[in-house]
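Peer 1: Sequence:
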Amino acid sequence: MINKVYIDFDSTLFDTHSFYNDFINICNNYGIETNKIELLKKKLFNDEKLFNLDVLINNIVNKYNIDSSIYLDVDKLYSNKYVYSDSLWFLKKLKNNYNLVLLTYGDIIYQAKKIKASKLEKYFDNVIITNKHKGNLDLDYKDSIFIDDSLDEINNIRNRNPKRIIRIKRNSLNIKNELKLNNVLVYTNFKQIFENEFK
524 MINKVYIDFD STLFDTHSFY NDFINICNNY GIETNKIELL KKKLFNDEKL
574 FNLDVLINNI VNKYNIDSSI YLDVDKLYSN KYVYSDSLWF LKKLKNNYNL
624 VLLTYGDIIY QAKKIKASKL EKYFDNVIIT NKHKGNLDLD YKDSIFIDDS
674 LDEINNIRNR NPKRIIRIKR NSLNIKNELK LNNVLVYTNF KQIFENEFK
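In this note's numbering, the protein residues as written are 524 to 722.
It is worth saying that the hints were derived from the structure and are not from the lab.
Just to be clear, a hint being listed does not mean it is correct.
[Unchecked claim] Cross-link-like lysine-lysine pairs, in silico, DSSO-like; alpha carbons within 30 Å at most:
#1 Lys604 to Lys564
#2 Lys642 to Lys564
#3 Lys714 to Lys642
#4 Lys599 to Lys586
#5 Lys639 to Lys616
#6 Lys599 to Lys566
#7 Lys572 to Lys615
#8 Lys564 to Lys692
#9 Lys599 to Lys692
#10 Lys527 to Lys559
#11 Lys565 to Lys599
#12 Lys692 to Lys645
#13 Lys565 to Lys665
#14 Lys639 to Lys655
#15 Lys564 to Lys599
#16 Lys618 to Lys655
#17 Lys618 to Lys686
#18 Lys639 to Lys604
#19 Lys692 to Lys636
#20 Lys615 to Lys686
Modelling step: build the complete structure from the supplied sequences, incorporating the hints.
Peer 2: The structure is reproduced here in structure tokens:
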């Protein structure tokens, strides 16, 4: 019997795109152009050095001599307002019947900060923050369900022959290789997932 469901955080439960866009808007308000932020971001982070917003803002402040009041504005971003409206509904529906695990890939300190701000931890039996790809962990793949938005992570997990993989695709962007994902179910929101896979 399947009772373990691994659920991704960024762009699955949490609107990371809006979160980052609001960060860009704050920087723009302090006179820093978007292209300068993106160039610095590209320079600072890669596969070995995972993205961390706090590291980025520190470098922006130092490089462009920005007033330190920007830190207060950026700190206000860390809240539960970016949790997708159907996320809580879905977690509450599954909570009593499944062992829920929050499984997120990224910088451990940065991910922990966003998760804490989201106030979603209490719905999970376990939280795993990893800087390894999700198919490279010591998990019970064959008896578990995985819900994720990332094509890279889904391909990685798929190599471990999980019981089921569900892709949540919140928007129509990034549809490359969509048809090549055999045995991957694709939905646009948690209500669809619940109605078709858990009811």
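Peer 1: Are any of the numbered hints broken by this structure? If so, which, sorted upward?
Peer 2: Result: hints 7, 10 and 13 break, sorted rising.
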